[in-house]
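Heads up: the protein sequence lines correspond to chains A and B, in order.
Residues 20 to 173 in this note's numbering are what the first sequence lists, from first letter to last.
Residues 20 to 173 in this note's numbering are what the second sequence lists, from first letter to last.
Bear in mind the hints are in silico, worked out from the structure with no lab data behind them.
Heads up, a few of these hints could be off.
The list treats identical chains as interchangeable, and a pair is accepted whether it falls inside one copy or across any two copies.
[Claimed, not checked] Only pairs whose alpha carbons sit at most 25 Å apart, straight line, appear in this in silico SDA-like list of lysine to any residue:
#1 K43 to S166
#2 K43 to G71
#3 K43 to A22
#4 K43 to V167
#5 K43 to E147
#6 K43 to A164
#7 K43 to N165
The structure presented is a predicted model; accordingly, all values stated were derived computationally and were not measured.
Protein chains: 2
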Amino acid sequence: MSAQLLEFDPRRFRWLGIEARQYKSHPGEARGMGWRGISRCVLTGDEAVPAGYELRYFELEPAGYSSLEKHRHVHFVVVLRGHGRALVGAQVIDLRPFDALQVPTLTPHRWLNESREPFGFLCPVDRERDRPQPIDDGEWDALRANSVTARYVF
Amino acid sequence: MSAQLLEFDPRRFRWLGIEARQYKSHPGEARGMGWRGISRCVLTGDEAVPAGYELRYFELEPAGYSSLEKHRHVHFVVVLRGHGRALVGAQVIDLRPFDALQVPTLTPHRWLNESREPFGFLCPVDRERDRPQPIDDGEWDALRANSVTARYVF
């Protein structure tokens with residue numbers, strides 16, 4: 020077997036041969052599961068790769084946001100591009116290039132881009148993992164009642 | 020639990036609170052296993068993180084190089100900084116920022132920095148994995164006999 024190079028094109032900010040897909044295959048219909056303006060590139064897409072992880076690149080357009088969700092698997096991201104914001108539990112965290120953030124298990128979280136430039140990050144994840152789920156009533160109410168987080172709970 | 024932010028310091032090109040360690044704890048004594056001028060930062064160092072992968076950042080100083088080795092687990096890297104070179108099997112591949120490279124299972128490989136600036140890359144890897152091993156006699160002889168790869172086999 021030979022090495023597989025994914026050549027990066029700085030002008031497009033994409034890897035040659037890697038197609039950008041939608042963030043999710045369905046619009047989220049459950050409360051908080053809506054999202055806007057996100058693309059997803061899977062860098063380790065070849066299922067023949069005998070590794071337990073996948074590496075994805077997500078990019079949020081200006082005004083883009085992800086689902087407000089939680090899951091058992093841990094999230095870890097490394098910013099590659101732009102400035103973004105993460106709602107994680109009761110925290111709101113600003114992110115700049117190469118900042119890394121770990122989201123604990125079952126913690127409500129949402130990524131947002133409130134800047135005028137694209138915001139993109141790498142996200143390695145276990146290949147076998149649980150599906151994201153909406154946050155529950157108690158979590159929703161607490162985040163809505165918190166002046167720091169309320170505006171990101173919709 | 021609260022989110023863990025690893026804030027990046029662009030001046031030092033390091034994450035606050037993450038200590039750079041040596042590439043390996045021992046100098047390589049077996050043929051080809053020598054290395055020079057490499058540091059390693061483990062971004063997912065907390066063993067409490069219930070994920071099957073680790074994410075490391077390796078950085079090679081100018082003139083730095085890694086062991087010439089192989090292992091069953093697949094390597095995948097994403098360049099963050101500088102220009103480097105990878106020997107992978109019979110290929111020599113130049114790498115620039117955000118290029119991504121997959122090294123197949125049991126394929127001899129070595130990373131090199133022949134530039135005047137640091138060369139750094141992210142490398143996610145399965146937490147449970149086999150140890151690197153020296154390449155065998157046949158692989159050594161073939162790489163030495165190949166004019167493309169010979170200079171990197173030492």
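Status of each hint after checking the structure:
Neither within a single protomer nor between protomers do K43 and S166 lie at most 25 Å apart by alpha-carbon distance, with minima of 29 Å and 47 Å respectively. Taking CA atoms no more than 25 Å apart as the test, K43 paired with G71 passes in both settings, with 21 Å inside one copy and 23 Å between copies. For the identical chains of this complex, K43 and A22 are inter-copy neighbours only, at 24 Å across copies versus 29 Å inside a copy, given an alpha-carbon limit of 25 Å. Taking identical chains as interchangeable, the C-alpha atoms of K43 and V167 are never at most 25 Å apart, the minima being 27 Å within one chain and 43 Å between chains.
For the identical chains of this complex, K43 and E147 are intra-copy neighbours only, at 17 Å inside a copy versus 30 Å across copies, given an alpha-carbon limit of 25 Å. Taking identical chains as interchangeable, the C-alpha atoms of K43 and A164 are never at most 25 Å apart, the minima being 29 Å within one chain and 49 Å between chains. In this homomeric assembly, K43 and N165 never come within 25 Å of each other (Cα to Cα): the closest approach is 28 Å inside a single copy and 46 Å across copies.
When held up to the earlier numbered hints, the structure conflicts with 1, 4, 6 and 7 and fits the remainder.
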